[in-house]
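As a plain string of letters, each chain reads:
2 protein chains.
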Amino acid sequence: MKTRNKLLSYVDKNMPNLLSDLQKLIHQPSISATNEGIDECAILVSKMLKKSGIESEILSLGKNIAPVVYGEVKSKKNPNKTLLFYNHYDVQPVEPLELWEHSPFSGKIVGNKIFGRGASDDKGELITRIKAVESHLKIHGDVPCNIKFIIEGEEENGSQHIDQYLKKFKKKFSCDAVIWEFGYIDTKNRPIVGLGMKGLLYVELSVKESVRDVHSSFAVIIKNPAWRLIDALKTLRSSDGKILINGWHDDVLPLTKNDLDILKKEPFNSNDFKKEYGVKDFVGGKNNLEAKKALVSGPTCNIAGIDSGYTGDGAKTVLPSKARVKIDFRLVPNMDPKKQATLLRKHLKNNGFNDIEITILNAEAAARISPNESIVKVTCESAKEIFGDYVLNLSNAGTGPMHSFVHALNAPCISIGSSYIFCGMHSPNEFAKIDLLKKTTKCICVLLENFSRSKNKN
Amino acid sequence: MKTRNKLLSYVDKNMPNLLSDLQKLIHQPSISATNEGIDECAILVSKMLKKSGIESEILSLGKNIAPVVYGEVKSKKNPNKTLLFYNHYDVQPVEPLELWEHSPFSGKIVGNKIFGRGASDDKGELITRIKAVESHLKIHGDVPCNIKFIIEGEEENGSQHIDQYLKKFKKKFSCDAVIWEFGYIDTKNRPIVGLGMKGLLYVELSVKESVRDVHSSFAVIIKNPAWRLIDALKTLRSSDGKILINGWHDDVLPLTKNDLDILKKEPFNSNDFKKEYGVKDFVGGKNNLEAKKALVSGPTCNIAGIDSGYTGDGAKTVLPSKARVKIDFRLVPNMDPKKQATLLRKHLKNNGFNDIEITILNAEAAARISPNESIVKVTCESAKEIFGDYVLNLSNAGTGPMHSFVHALNAPCISIGSSYIFCGMHSPNEFAKIDLLKKTTKCICVLLENFSRSKNKN
Numbered sequence: 480m481k482t483r484n485k486l487l488s489y490v491d492k493n494m495p496n497l498l499s500d501l502q503k504l505i506h507q508p509s510i511s512a513t514n515e516g517i518d519e520c521a522i523l524v525s526k527m528l529k530k531s532g533i534e535s536e537i538l539s540l541g542k543n544i545a546p547v548v549y550g551e552v553k554s555k556k557n558p559n560k561t562l563l564f565y566n567h568y569d570v571q572p573v574e575p576l577e578l579w580e581h582s583p584f585s586g587k588i589v590g591n592k593i594f595g596r597g598a599s600d601d602k603g604e605l606i607t608r609i610k611a612v613e614s615h616l617k618i619h620g621d622v623p624c625n626i627k628f629i630i631e632g633e634e635e636n637g638s639q640h641i642d643q644y645l646k647k648f649k650k651k652f653s654c655d656a657v658i659w660e661f662g663y664i665d666t667k668n669r670p671i672v673g674l675g676m677k678g679l680l681y682v683e684l685s686v687k688e689s690v691r692d693v694h695s696s697f698a699v700i701i702k703n704p705a706w707r708l709i710d711a712l713k714t715l716r717s718s719d720g721k722i723l724i725n726g727w728h729d730d731v732l733p734l735t736k737n738d739l740d741i742l743k744k745e746p747f748n749s750n751d752f753k754k755e756y757g758v759k760d761f762v763g764g765k766n767n768l769e770a771k772k773a774l775v776s777g778p779t780c781n782i783a784g785i786d787s788g789y790t791g792d793g794a795k796t797v798l799p800s801k802a803r804v805k806i807d808f809r810l811v812p813n814m815d816p817k818k819q820a821t822l823l824r825k826h827l828k829n830n831g832f833n834d835i836e837i838t839i840l841n842a843e844a845a846a847r848i849s850p851n852e853s854i855v856k857v858t859c860e861s862a863k864e865i866f867g868d869y870v871l872n873l874s875n876a877g878t879g880p881m882h883s884f885v886h887a888l889n890a891p892c893i894s895i896g897s898s899y900i901f902c903g904m905h906s907p908n909e910f911a912k913i914d915l916l917k918k919t920t921k922c923i924c925v926l927l928e929n930f931s932r933s934k935n936k937n
Numbered sequence: 480m481k482t483r484n485k486l487l488s489y490v491d492k493n494m495p496n497l498l499s500d501l502q503k504l505i506h507q508p509s510i511s512a513t514n515e516g517i518d519e520c521a522i523l524v525s526k527m528l529k530k531s532g533i534e535s536e537i538l539s540l541g542k543n544i545a546p547v548v549y550g551e552v553k554s555k556k557n558p559n560k561t562l563l564f565y566n567h568y569d570v571q572p573v574e575p576l577e578l579w580e581h582s583p584f585s586g587k588i589v590g591n592k593i594f595g596r597g598a599s600d601d602k603g604e605l606i607t608r609i610k611a612v613e614s615h616l617k618i619h620g621d622v623p624c625n626i627k628f629i630i631e632g633e634e635e636n637g638s639q640h641i642d643q644y645l646k647k648f649k650k651k652f653s654c655d656a657v658i659w660e661f662g663y664i665d666t667k668n669r670p671i672v673g674l675g676m677k678g679l680l681y682v683e684l685s686v687k688e689s690v691r692d693v694h695s696s697f698a699v700i701i702k703n704p705a706w707r708l709i710d711a712l713k714t715l716r717s718s719d720g721k722i723l724i725n726g727w728h729d730d731v732l733p734l735t736k737n738d739l740d741i742l743k744k745e746p747f748n749s750n751d752f753k754k755e756y757g758v759k760d761f762v763g764g765k766n767n768l769e770a771k772k773a774l775v776s777g778p779t780c781n782i783a784g785i786d787s788g789y790t791g792d793g794a795k796t797v798l799p800s801k802a803r804v805k806i807d808f809r810l811v812p813n814m815d816p817k818k819q820a821t822l823l824r825k826h827l828k829n830n831g832f833n834d835i836e837i838t839i840l841n842a843e844a845a846a847r848i849s850p851n852e853s854i855v856k857v858t859c860e861s862a863k864e865i866f867g868d869y870v871l872n873l874s875n876a877g878t879g880p881m882h883s884f885v886h887a888l889n890a891p892c893i894s895i896g897s898s899y900i901f902c903g904m905h906s907p908n909e910f911a912k913i914d915l916l917k918k919t920t921k922c923i924c925v926l927l928e929n930f931s932r933s934k935n936k937n
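If you're matching them up, the sequences are chains Y and R in order.
Heads up: the first sequence begins at 480 in our numbering, then just goes up one per residue.
Heads up: the second sequence begins at 480 in our numbering, then just goes up one per residue.
The shape of chain Y in the complex, shown without the other chains:
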């Protein structure tokens, strides 16, 4: 216990360095959507790893593909167990700029918060991992197990090449478990230990009716693509949110008794959500338990965007030539995105909508690990030790390339992190809470020790 105390007090003392390093990362733009500062940020991250005692190299698949920063520390005392950290150095775009109170690249500290794009997602999370490893190296001159880092630069742009990287560098990346790139902390300061991510099928449907926009007086005879699209959309989903595509739910597995036990224990305050987003009730009038079930295991059919014709202010009498909608379908484990896309195609065809063009923009399968994996116990124990409590969550409602990791590396992935649940991720005024950065760094320190002592299966 004495060495653990030394380790944790090193984290305390090292906080000014953690914060100044996080500021350096925030200062460096790294927007994957526009490629701004991507290469520069990869170099910065690689140098930062080295400064903390982690060997690092920059992996590349060629031009126009963001590099992956790789990091590695071999353990002297336990060279047979390897933990891999998956993170990303890229961030979301910063627009709308006028809504930021401080520059998005300022890293300004106000009280317990550090502001900036990436402060939480994912530069804040990354720094907790780096500083945890550094702490071990400083105090013990060693790490409790082998450590690997995969830090990619396209996460905010769909992780389009992570599969290729995982395939090409499969041996280099081999490991026994993966710590996922982020983890939420709820409003009661409990880390949410996540066992999975939903999948995603993102499509664009478009219809064209005439070669150009037409004076709307001709709407009596010339077809309107917006109406056509609406007719098609109305066949996809009922008013209370049920997906009506034939066979859509065929592969959905029911929650097991074990799953339900975890789900029931998970706290969920629907009022937090309703207050945060200013909504009165949930889709289909869902109550607390139904909402929790839906977040963990409910497929969605969400209109992410729709546009046709004149969308400025005031009146313009135009009959649009084309209409377009973007739909994201969240998928749950055992749903194959390709198969679901085929079902969508068939559905539209069978309903007479052959004229609707379908473009698939993203397709990722869901991933969910068994709660019996030893990494789950390790993570929960570590969280409990540092935070006093934790929440076990069957699956995050969002999507990430977790399936690719589980599939390629044959290793369980688990989410644990420092991101306050309403931290403005992807939005203006993103921040990280400094006390949570510190606790998470400590939690990762402890997790490394607990992991090194664990069996591979519970």
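Don't read these hints as lab results, they were simulated from the structure.
As the structure is a prediction and not an experimental result, all values here were calculated from the model.
Among these hints, one or two may not hold up.
[Unchecked claim] Covered, in the sense of this in silico footprint (three residues per stretch, anywhere, with C-beta under 8 Å from a C-beta of chain Y), are these stretches of chain R:
| id | segment |
| --- | --- |
| 1 | 513-527 |
| 2 | 558-567 |
| 3 | 704-712 |
| 4 | 736-745 |
| 5 | 810-822 |
| 6 | 865-879 |
[To be verified] Subject to a maximum C-alpha distance of 25 Å in a straight line, what follows is the list of computed SDA-like cross-link-like pairs (lysine to any residue):
| id | chain 1 | residue 1 | chain 2 | residue 2 |
| --- | --- | --- | --- | --- |
| 7 | Y | Lys-856 | Y | Arg-932 |
| 8 | R | Lys-753 | Y | Arg-803 |
| 9 | R | Lys-687 | Y | Thr-714 |
| 10 | R | Lys-721 | R | Asn-625 |
| 11 | Y | Lys-592 | R | Glu-836 |
| 12 | Y | Lys-754 | R | Val-690 |
| 13 | Y | Lys-753 | R | Lys-687 |
| 14 | Y | Lys-765 | R | Phe-832 |
| 15 | R | Lys-687 | Y | Arg-932 |
| 16 | Y | Lys-759 | R | Glu-852 |
| 17 | Y | Lys-801 | R | Asp-719 |
| 18 | Y | Lys-592 | Y | Arg-803 |
| 19 | Y | Lys-759 | R | Lys-753 |
Backbone N, C-alpha and C fix where the C-beta goes; we use that ideal spot for every residue, glycine too.
Fit chain R to the supplied structure of chain Y, relying on the hints for placement.
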């Protein structure tokens, strides 16, 4: 006949002046949507009237209201009959600029065409009226009847103050008939003599579900305003174009035998339309006669624009906070826009869509004059004399403030003009055909004489 020949050959000789004056008008931007050049154009038009021997003054209702250019010539030989020309000096916006082959304000002449915003709509039409009156003054030192001009500056922005102008200057504007601001010429060079315009109810429907855009992973529980709007829209209209709003058609009058006779005689080549706009078939599979009927007397429910969420390229997983649609309903005679708006409100309420906000952006009643008005015979005879043929049309499918004129001035309005039916009105590369400008000027010359000799009722 000798003086008529002199009159018409003056028009021939005067064409270079007509074209250079039209170019001057085109050079002067006058975009009512942005107020660019409105006052300057009013002054230019007023000067041009005076140069042609027409007395002119600029009428104003105050700041932020475009002035009306008024023009008048008293007839010495026939001071008891008055014909009023209604035109407008404002134009549509010129965007998208990159699609124009010549600058929109160039007035460039290429062969038989003069290009530029307003070349047809409505600066080209206006110049034919001015030059016809000028021709009479030059040849006869008199006009066949009193002439008045109302040239407004807000037509392309919904003619929002024309009612007020008509009310305030009712006495000044009093007349026996109105020549409407435009008239189409079909692909066989026949002027279309129009007896009416449809009405319009233009509304914006909007829904808000949450205080801000939300990560789309929450779509399982947080309502999507785009879906909500689509659910509401689907209750308004059937897939084959029928309006489903309760009572919507209650006030629609059936076409009389007389109407149908006119309609049947009207040539209509559905292939012209299909080719021009690149469409295969018409709404609801309408054939030629049905399409003609619909254009003249079919109410519409057109989506002029819809938008919600992310509408850029690529994928963004967002759950929008609000959605908005713009709908223009074309109305036919005897439908009261206010009553129709009430029916829409009731319909949405009765279908449970109390949360949908309705904003009325424009409301104009339809107008249609009797084919027995003497101005109809006068116009048709004049068109026949100059063009060799004409087409009688019960109603244009579009909308203008004709109802306001008929109502305020108690005078019949008729459409006759020079605009080639596919002249790119409201679009890039708008043009007028020079031969049609000349013929229309001659037609107006003759019309003035025929009108002066006509009785007020057939």
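Subject >> Outcome, coverage of the segment 704-712 of chain R by chain Y - at least 3 residues whose beta-carbon is closer than 8 Å to one in that chain >> reply: Coverage by chain Y holds for the segment 704-712 of chain R (5 residues, Cβ < 8 Å).
Original post:
Is Lys-759(Y) within 25 Å of Lys-753(R), Cα to Cα?
Top reply: violated (48 Å)
**OP:** Between the segment 810-822 of chain R and chain Y, see if three or more residues pass the 8 Å beta-carbon test, and mark the coverage as holds or violated.
**Re:** Check failed, 0 qualifying residues.
**OP:** Would you mind confirming whether the straight-line C-alpha gap from Lys-721(R) to Asn-625(R) stays at or under 25 Å?
**Re:** Violated, at about 46 Å.
**OP:** Quick one: see if chain Y covers the segment 558-567 of chain R, three-plus residues with Cβ-Cβ under 8 Å.
**Re:** Answer violated; 0 residues pass the 8 Å Cβ test.
Original post:
Within a Cα-Cα threshold of 25 Å, do Lys-687(R) and Thr-714(Y) meet the stated pairing?
Top reply: With a Cα-Cα distance of about 23 Å, the restraint between Lys-687(R) and Thr-714(Y) holds, given a limit of 25 Å.
**OP:** Please work out if Lys-754(Y) and Val-690(R) have their alpha carbons no farther apart than 25 Å.
**Re:** Answer holds: Lys-754(Y) to Val-690(R) is near 10 Å, not above 25 Å.
**OP:** Take a quick look at whether Lys-687(R) and Arg-932(Y) sit within 25 Å of each other, Cα to Cα.
**Re:** violated (53 Å)
**OP:** Sort out whether Phe-832(R) lies within 25 Å of Lys-765(Y), counting only the CA atoms.
**Re:** Roughly 20 Å between the alpha carbons, so the hint for Lys-765(Y) and Phe-832(R) holds.
**OP:** Would you mind confirming whether the straight-line C-alpha gap from Lys-759(Y) to Glu-852(R) stays at or under 25 Å?
**Re:** violated (60 Å)
Original post:
If you draw a straight line from the CA of Lys-592(Y) to the CA of Arg-803(Y), is it 25 Å or shorter?
Top reply: Outside the cut-off at roughly 40 Å; violated.
Original post:
Within a Cα-Cα threshold of 25 Å, do Lys-753(R) and Arg-803(Y) meet the stated pairing?
Top reply: holds (23 Å)
The structure fails to meet hints 1, 2, 4, 5, 10, 11, 15, 16, 18 and 19 from the earlier list, while all remaining hints are met.
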